[in-house]
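**Student:** Sequence:
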Amino acid sequence: MGRAPQNPEEIFTEFKGDLQKAFGEDLVSIVLYGSGATGEYHPGKSDLNFLVVLKDDSVGSLQRGLKHVTKWHKRMVNTPLFMIPAYIHSSLDSYPIEFLDMQANYRLVYGEDILKTLEFRPADVRVQCERELKGKSLRLRQVYLEAQEKPRAMREIIASSITAFTSLFQGLLFLVRKEIPKTKREIIELVSQEFGLDEDTFMKLLAIKTGEAKATGQEISELFKKYVGEIDALGKAVDRLPLEKEESET
3 MGRAPQNPEE
13 IFTEFKGDLQ
23 KAFGEDLVSI
33 VLYGSGATGE
43 YHPGKSDLNF
53 LVVLKDDSVG
63 SLQRGLKHVT
73 KWHKRMVNTP
83 LFMIPAYIHS
93 SLDSYPIEFL
103 DMQANYRLVY
113 GEDILKTLEF
123 RPADVRVQCE
133 RELKGKSLRL
143 RQVYLEAQEK
153 PRAMREIIAS
163 SITAFTSLFQ
173 GLLFLVRKEI
183 PKTKREIIEL
193 VSQEFGLDED
203 TFMKLLAIKT
213 GEAKATGQEI
223 SELFKKYVGE
233 IDALGKAVDR
243 LPLEKEESET
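In my numbering, the protein residues as written are 3 to 252.
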């Protein structure tokens, strides 16, 4: 125990067994999502993210899983998202991007394939995309000032924000009816094509996040300026997207 798995499948049987012991018949499904469900998993660097669907998500019920959560942290498993089916279905209008992200890349480890049948309304996805773009644009400016252009702080901003943007990009691809690719590189490539973005800027940001590329303080500062400019341009492009009529309208 305490070693990051070389392959997520290594832990499936034991992880599933622990949750079955803890929750018994209340356990509906276990889903691996994120990098562990794609070709972007890197042992020792990538965390493993699970959605655990229960019949009862009360604090009293969750208490049964306390010791297992602590145990699996040592194997690079983040604290799972515990939800009940009703919560998932009632949240699709408020947080469609998060569930789109899960649905795009996941592996069913146990039980009911609850993500497969989820459906999303374009209007809901658009509202969240617009809200996230505007909020993240403001946040990028705020953290830029807080970082005082210090290279290490700027790298940390890039690493945390580019992952969030690739999730948002999946929502944008849904809006223009494109199949969502599996890897971040493919997502960046396709969204750049569809929305006229500078693909090279986002690829450099991703390379800095993964450690594949190095950059001086001056280079990072210049790249960050381009980054903010591209996000602003993307926000305007989304504003120009035609509004879709609801199916119920005539």
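Honestly, the hints are just simulated from the structure, not real lab data. This structure is a prediction, so every number in the text was calculated from the model and none was measured. Just so you know, not all the hints are guaranteed correct.
Listed next, the in silico EDC-like pairs over lysine to aspartate or glutamate satisfying Cα-Cα at most 20 Å (straight line) [stated by the list, open to error]: (1) K138 x E224; (2) K211 x D126; (3) K73 x D103; (4) K184 x D20; (5) K138 x D103; (6) K216 x D126; (7) K73 x D20; (8) K69 x D59; (9) K138 x D126; (10) K57 x E42.
What follows is a list of derived Cβ distance ranges for each label pair [to be verified]: (11) E201 x G137: 21 to 29 Å; (12) S93 x L243: 19 to 27 Å; (13) R5 x A88: 36 to 44 Å; (14) D202 x H75: 20 to 28 Å; (15) R133 x K69: 37 to 45 Å; (16) K238 x D28: 15 to 23 Å.
By construction, the Cβ of each residue, glycine as well, lies at the ideal position given by its N, Cα and C atoms.
**Student:** Does each hint fit the structure? Answer for all of them.
**Tutor:** Hints, one by one, checked against the model:
Distance check on the hinted pair: K138 and E224 sit about 19 Å apart at the alpha-carbon level, within 20 Å; holds. Distance restraint check for K211 and D126: the Cα-Cα separation of roughly 30 Å exceeds the 20 Å cut-off, and the hinted pair is therefore not satisfied. This hinted pair does not check out: K73 and D103 have alpha carbons roughly 27 Å apart, beyond 20 Å. Restraint check for K184 and D20: not satisfied, since their Cα atoms lie roughly 29 Å apart, outside the 20 Å limit.
Between K138 and D103 the CA atoms are separated by roughly 18 Å; this keeps the pair inside 20 Å, and the hint holds. A distance of roughly 38 Å separates the Cα atoms of K216 and D126; the hinted pair therefore is violated under the 20 Å criterion. Between K73 and D20 the CA atoms are separated by roughly 10 Å; this keeps the pair inside 20 Å, and the hint holds. Simply put, K69 and D59 have alpha-carbon atoms about 16 Å apart, close enough for the 20 Å limit, and the pair holds.
Only pairs whose Cα atoms come within 20 Å are accepted, and K138 paired with D126 is accepted, the gap being roughly 18 Å. With a CA separation close to 32 Å, the supplied pair K57 and E42 exceeds the 20 Å bound. For the pair E201 and G137, the supplied restraint of 21 to 29 Å holds, since their beta-carbon distance comes to about 24 Å. Taking the beta carbon of each, S93 and L243 are about 23 Å apart, inside 19 to 27 Å as hinted.
Between R5 and A88 the CB atoms are about 37 Å apart, so this pair conforms to the stated range of 36 to 44 Å. Against the hinted window of 20 to 28 Å, the Cβ-Cβ separation of D202 and H75 comes to about 37 Å, which falls outside the hint. Taken as a hint, the range 37 to 45 Å holds for the pair R133 and K69, whose Cβ atoms sit roughly 38 Å apart. The beta-carbon spacing between K238 and D28, approximately 47 Å, falls outside the hinted interval of 15 to 23 Å.
Of the hints listed earlier, those the structure fails to meet are numbers 2, 3, 4, 6, 10, 14 and 16, in rising order.
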